[in-house]
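Protein sequences, first through last, are from chains A and B. Residue numbering for the first sequence follows the numbering used here, beginning at 57 and increasing consecutively. Residue numbering for the second sequence follows the numbering used here, beginning at 67 and increasing consecutively.
Possibly wrong hints are sitting among the right ones.
A few chain B residues facing chain A, derived, Cβ under 7 Å [stated by the list, open to error]:
| hint | residue |
| --- | --- |
| 1 | Phe417 |
| 2 | Trp419 |
| 3 | Gln556 |
| 4 | Leu557 |
| 5 | Asn558 |
| 6 | Gln560 |
I should point out that these hints are in silico values taken from the structure, not numbers from a laboratory. Here a beta-carbon is modelled for each residue, glycine too, at the ideal position from N, C-alpha and C.
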Amino acid sequence: MRLNRREMIVAMLGAQALLAGCSASPQLPPAGELFGQSFEIGHRLRDGFRPQPDQSAWREVQVVIVGGGAAGLAAARQLHQAGCADFVVLELEPVAGGTSRSGQCDLSAYPWAAHYVPVPLPHNQPLIALLQELGVVESLADDGSPVIREEFLCREPEERVFFQKEWIEGLYPVTGASPEDLAELAAFRREIDRWAAWRDAAGHRAFAIPTRLCSDDPEVTRLDQLSMAEWLRQQGWTSARLHWVVDYSCRDDYGLPAERTSAWAGLLYFAARLKMPGDEHQPFITWPEGNGHLIAHLAALAGPRLQTGFAVTQIRQAAKPGGGPVEVLGVNPVSLAASGFKARHVIFAAPQFLATRLVEGFSNRTARKVDDFQYGSWFVANLQLRDRPRESGFPLCWDNVIHGSRSLGYVVATHQSGRDHGPTVLTWYYPFCEADIHGIREQLLQATWADLADVVLTDLEAAHPDIRSLTTRLDIFRWGHAMIQPRQGFHTSSQRLAASLPDGRIHFANTDLSGIALFEEAFDHGCRAADEVLAQLSNS
Amino acid sequence: MNRAPLLLLYLNVLVIATCGLVYELLAGTLASYLLGDSVTQFSLIIGLYLSAMGAGAWLSRLVPDPRLGRCFIEVELAVALLGGFSAPLLFLAFSRLEVFGVLLYGMVFAIGLLVGLELPLLMRILKGHLDFEDLVSRVLTFDYAGALFASLLFPLLLVPRLGLVRTSLLCGILNAGVGLWGTTLLRPLLTTRGLGGLRGRACLVIGLLAAALIKADSLTSLAEEGAIGHPILHAESTPYQRIVLTKNERGFQLHLNGHLQFNSVDEHRYHEALVHPALSTVRPPQSVLVLGGGDGLAVREILRHRSVKKVTLVDLDPGMTTLADRFPPLEQLSRSALKDPRVTVINDDAFVWISGDDTRFDAVIIDFPDPGTFAIGKLYSTRFYRLLQQRLRPDALVSIQCTSPLVAPRSYWCIVKTLEAVGFHVRPYHAAVPSFGEWGYVLAAMKPVPQRLTLPPELAGELRFLTDGILNSLFELPPDLKRVDADINQLNSQALVRYYDQEWGAWK
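Can you make the complete structure from the sequences, with help from the hints?
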């Protein structure tokens, strides 16, 4: 079934988007493309496609890393730094990066997904070391906190919201807020401060990043049984504005509404970014290309050991422990030429749902189950504008949110460059928050560029009536399995806890193992999996 | 003719009389704004206008009786056009025309002549319907009542609410309305032939004036005129900012986004104090960088220094650096500084330019607008000042305009502290610029700033504000400008924009 224009807009933006004015023949930008992950090879694999390589097409290598996203590249860096140079990173897509990918036009680089990292707290030394390598850190404070060079911190004005037909500073829609609204907001902040200060008997924070460092005290983990919206209601908070801000935050970080986000994850979003109670959230480190900047650095470190355009089709290991190498088979997704690697260890740095398809005997042999792992779909659009939209109210920020929209608004790629006039690139984000994710995924695959471009522009038109005439190019990326969803119970799920453990010589590293999608988590799992491999290599 | 049309005709007299006096007051006000010396100008304009009215009255006898109605309507339309467009035309001409006086007095005479025709013609139209005594007493009563009405309306409502241009256009529309109405009211006096054409022309005149009124709105908004308070000579919106030039009796003024940038009366104080301290210590400064300052007035001061071989000016807005081409008084005031062969003009955001260039300079003059927006606040940040340091020769001095330390002490000292935070040695100083008030600057260098400054010999006797003695006294800060505590302005805090907003917001 293919949706018509009105149905498409209602399905994605809600009926109110039609009321806001929906012209009969919409003006679309003169240029643009629809990009996506390589669905085709994935679907062929699902249908049993397993070509076998010739004898000559095998290579022996110490470690194969499957997946060239943040986790895989972090593992590669860790191996490299430990002196292990005999590895390959296999990436299905033509470019590395996974959900930290970025793009580039004449005017500016821009993100295709993840676009910032909050300044890490001193307990996250491995990430601080990475940032030091990148020249982002000016110095270290006495407590180990990094002092970040000014040009890499998101510059002010950082954030604004379009509320009641006007742009206002910040995310909380303060216009017309009642004293009760503001009292609830203050109470919410006090509660977040309480969690930022909370320590268990062993001195662990309730919420920390990487999440491996979070306390497992029942007072904290029991939050995972509630939804974030339920948790707010349990506190007695009913302010629509507070609920909106919290819901927005859940959709922004997790692609889930507050009603279906675990309260543990919801609170993590707020509390893990506070160094001390009463602090502002940690400042954001960002680049025009978003986290693509981190990927470029990691990919450069991996050098020729990174093989893009390599579709892993099968991973086989001997049934008994220590029984020979792990075989990683794959094809070139274009030529379909098969080749293979015999490796002493494999780091599987791809999402768990792929492990069931690629690792032979994954479910049977280990009795592992991954059906708790649910992934959200996203759209990201990059709009190239010939000039800034005309507008009044609080000026253009890095992050620009439209209150009441199902989209997440947009970030401005040229913000860090310091150019405040003229052409720019906006990166617009839209998570699918519908409960029926599989039905939606089918519609996603069927939507054309014109359908989706119209959705993007209809959404932005509410705040920028002149957006259609300003847009010279609109590219769209559809992410089918973009982000792990931290639904209720997932943080404490036995499936999730077991998934990080190695399966023989196969080690796992991906942000989905943390139950949330963050560069910091991917990086941490990459380092951890590499350390497991290094430990085993040094033992043998 | 029955009573009702008679009453309506008296109403016409009232409108005509009001508009007639408004044109006279407009011309007088405009002349005293643009040419100064309001007593002379008002006296001249009133005299000229009244004598022109006399000439008109005398000429009215040449109109034959059968053509009275038609002629009255034609006169109304002519008054509407000339009077209605008088203010916009005079404003536009002022900056472009050498012989402005000829145009001004010519128009005043022409409008007076036409207005002088109105009443005699009308009285002759009415004379068949009234006794002579009644006619004279009633028409003159309404005429003088209209004059009173106009003289109250003009200063209390029209000028403050509408401004000169809109007042002029509005009165034009009223005159043309009287003309159009006349085609109905005086129908018995008019021949059918040509009536349609007459009405058509009346509608055309109203249309033209109305279009100009709408255009006036798009050029300058009512709020803008009210906020600036002086008549607007030139206004344009570039992609970067709103540029408005105004004029009053004492001089002309440049406003960017509603903020006064200079007043020609005392800008020499501001620019001498901005430029010469930084150039009087580096000996001899050969290459100078100017950031902002697209009006060319800082460059004018720099070019007085004989040692200067090269000036690079970086200003965001080409609309600003070419303004002198469109506005000759600015060209004169800046002595065509931006066209000097030693000067290179670059139109780019200074923040972007400074990180992309690697030339080093002997002196830098920073003349950005006040930090009222985030886009400008970034140009006062630690990041910007660090980039600036990469463009300095070891002995270079930098002077920076830093808003008023009296009105906005936290803003001022925030800039000083930001400069210190990146390792600059600083010497704060100030100057009194009446149009701005007490104004603040900072002299900064990578080495300690010399305690004693001496103007180069070629400047002796050339400057209107600075002498060696005054120059050194600028660095003595009175107790009411003493240092206050403030945060450092960083890109990710923009503390300065918030201070500036609070402090100037409280002042206004």
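Quick rundown of the hints versus the structure:
{"no.": "1", "hint": "Phe417", "in the structure": "4 Å, holds"}
{"no.": "2", "hint": "Trp419", "in the structure": "10 Å, violated"}
{"no.": "3", "hint": "Gln556", "in the structure": "6 Å, holds"}
{"no.": "4", "hint": "Leu557", "in the structure": "4 Å, holds"}
{"no.": "5", "hint": "Asn558", "in the structure": "4 Å, holds"}
{"no.": "6", "hint": "Gln560", "in the structure": "4 Å, holds"}
When the structure is compared with the earlier hints, a violation turns up for hint 2 alone.
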